[in-house]
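With chain A held as given, fit chain B onto it using these hints.
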Amino acid sequence: MIEFLKTYIPNSIWDAIERDSRFTKDEVQEVRLRIHKPIAIKYNKKQYFLNHDDVTPKEMSEIVAKLSQYSLYAFAEELGQGYLTLAGGHRVGFCGKAVYRNGQMDGLRQISSINIRIAKEIQGCGTQWIPYLFDEDQLCHVILVSPPACGKTTLLRDLIRLLSNGVDDSGGYTIGIVDERGELSATEDGIPQLDVGLCTDVQGNCPKPKGMQLLLHSMSPNIIAVDELGKAEDYAGAMTMLYAGVVLMATIHGDSYDSILKNPYAKSLVASMERVRIFILSQENSVGTVEEIWNQSGECIYQRKVI
Amino acid sequence: MLQCLGCILVVFATTSFGVSFVMKEKFRLQDLKEVETGILLLQNQVRYIGAPLGEVMEGIGLKLNGMVGEIFARIGSDLESRKGESGSVIWERIWMEEGRYTYLTGIDLDEIISFGKTISFLERTGQENGLDLLLISIRTIENDLQSKMSKNQKLYGSLGVLSGLLLVVTLL
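Chains as they are written, first to last, in the numbering used here: chain A, 1 to 307; chain B, 1 to 172.
Only chain A is shown next, with the shape it has when bound in the complex (with noise of 0.2 Å):
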């Protein structure tokens, strides 16, 4: 799982987190390298520091370079979000000094941490909840609510991949989806490394509104589904599908039903939505538990039982 690291990291570095006994390599969930710290893994919600020397600006220098295919300049934009998407999915996230261009943030200088995320596909994290999605057989739209790290996008992709495949014996829905991250579906050279389904069509590195306009007015999708909206233009653009009868599928960082309703183009959106399925996921148990879930008419109708 994370063997394409090696191609990014050192040679010792590397050594390092294949040595190490106190994590299964399979199971890492991110790597973190600050300039002169100790190297961080995390697993199982824990963190542990490798025994290595601490990351020296050379390296850290050789990490950039290879992470951004020694070309800086094509991956300013990404960089200039502090992140960008490798192959496979997998979150590099940049901490560094930000440059400025007419106001705008337009890029990242002396990076001092790395976080790589390491991306997972689930299959069959979703089966047991599509069950949920349906009411008196009507798709709902659905809202996957956690905090960072919890296993929103790997259940959204997995929900994804099942219902473009088909429930019962019915063909699969067509679905849409806005991958501006490339985290959802993976895609190299413009086709999707992760299983997202039969019927599925992707739009990569687009703005969400823009991405969604495009699919509704040339793919006629069944559902669409976007990860993470957060700005104001990614609400508006959601409410254009709702109004156009599309399902909407989409996450939102949070860490509760109350957070959405807190958020107010959170709770604008689901105000607008006559059947929803809102999931509040949390890493308690493991990555990607669904505490509870919840309806358009603020009902819990499942909740996790702690034993």
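One or more of the hints may lead you astray.
Label-pair distances were calculated between CB atoms; the ranges are [stated by the list, open to error]: (1) A/Ser297 - B/Gly59: 52 to 60 Å; (2) B/Asn65 - A/His36: 42 to 50 Å; (3) B/Tyr48 - A/Met105: 50 to 58 Å; (4) A/Ile130 - B/Lys63: 45 to 53 Å; (5) B/Thr105 - A/Arg34: 41 to 49 Å; (6) A/Arg34 - B/Asn65: 43 to 51 Å; (7) B/Thr105 - A/Thr24: 33 to 41 Å; (8) B/Met96 - A/Ile122: 46 to 54 Å; (9) A/Ala149 - B/Glu98: 44 to 52 Å; (10) A/Glu77 - B/Arg139: 52 to 60 Å; (11) B/Gly126 - A/Ile122: 39 to 47 Å; (12) A/Ser220 - B/Gly59: 29 to 37 Å.
Simulated from the structure, these hints should not be mistaken for lab results. For each residue, glycine too, the CB sits at the ideal point set by N, CA and C.
Below, chain B alone, put in the same frame as chain A:
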């Protein structure tokens, strides 16, 4: 008869020697033109498409002829597989390893390799400016070479024939 044949062979050999100097410069000019084409293509890709260097170089390598094309392709391949600490290291290593199989001289290779120091870590404008500077250097060398060639072509050719004749006369 044998003497006649010998004379012809001597003159032919010395003339060929003279011509080879001219041809060497001609091939050098050809290689410089290929490098110029490669850099122009690279500049266009950086300016208008902004694709990563590895991807771009491999494509450019296929469009160029001879050893220069192979060098670009190899640089692209090594950049794609991240076989170096930085783009400059890869650029320099490959030009130093493979450059000797071209007709480019030490001066030409120095210019090309020094461009590599700015490769990969600059933003788009900086990258384009670096490419512009390299193009100016290459074109200056080409212009000098072309004016030298037109003078040297006749000179080396004539020197070849004359030295052949001198040898023949001396030996006879």
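**Hint check for arginine 34 of chain A and threonine 105 of chain B - Cβ pair distance inside 41 to 49 Å** = For threonine 105 of chain B and arginine 34 of chain A the Cβ distance comes to about 46 Å; the hint holds.
**Range agreement (Cβ of glutamate 98 of chain B with Cβ of alanine 149 of chain A, hint 44 to 52 Å)** = 46 Å, holds
**Message:** Just to be sure I understand the hint, the distance between the Cβ atoms of methionine 96 of chain B and isoleucine 122 of chain A should be within 46 to 54 Å; is that true here?
**Reply:** Hint holds: Cβ distance 48 Å, inside 46 to 54 Å.
**Prompt:** Per the hint of 50 to 58 Å, is the separation of the Cβ atoms of tyrosine 48 of chain B and methionine 105 of chain A within bounds?
**Reply:** 23 Å, violated
**Asked** Is the gap between the beta carbons of glutamate 77 of chain A and arginine 139 of chain B within 52 to 60 Å?
**Response** 32 Å, violated
**Prompt:** Do the beta carbons of glycine 126 of chain B and isoleucine 122 of chain A sit within 39 to 47 Å of each other?
**Reply:** Holds, at about 43 Å.
**Message:** Can you tell me whether the CB distance of isoleucine 130 of chain A to lysine 63 of chain B sits inside 45 to 53 Å?
**Reply:** 51 Å, holds
**Prompt:** In this structure, is the beta-carbon distance linking asparagine 65 of chain B and histidine 36 of chain A contained in 42 to 50 Å?
**Reply:** 49 Å, holds
**Request:** Check the following: the C-beta atoms of threonine 105 of chain B and threonine 24 of chain A are separated by a distance inside 33 to 41 Å.
**Result:** Since the Cβ atoms of threonine 105 of chain B and threonine 24 of chain A sit about 56 Å apart, the hinted range of 33 to 41 Å is violated.
**Request:** State, for the Cβ atoms of arginine 34 of chain A and asparagine 65 of chain B, whether the hinted interval 43 to 51 Å holds or is violated.
**Result:** 47 Å, holds
**Message:** The hint says 52 to 60 Å between serine 297 of chain A and glycine 59 of chain B; measuring C-beta to C-beta, is that right?
**Reply:** 57 Å, holds
**Prompt:** Within 29 to 37 Å or not, the Cβ separation of serine 220 of chain A and glycine 59 of chain B?
**Reply:** Cβ of serine 220 of chain A to Cβ of glycine 59 of chain B: about 35 Å, so the range 29 to 37 Å holds.
In this structure, the hints that do not hold are numbers 3, 7, 10, in rising order.
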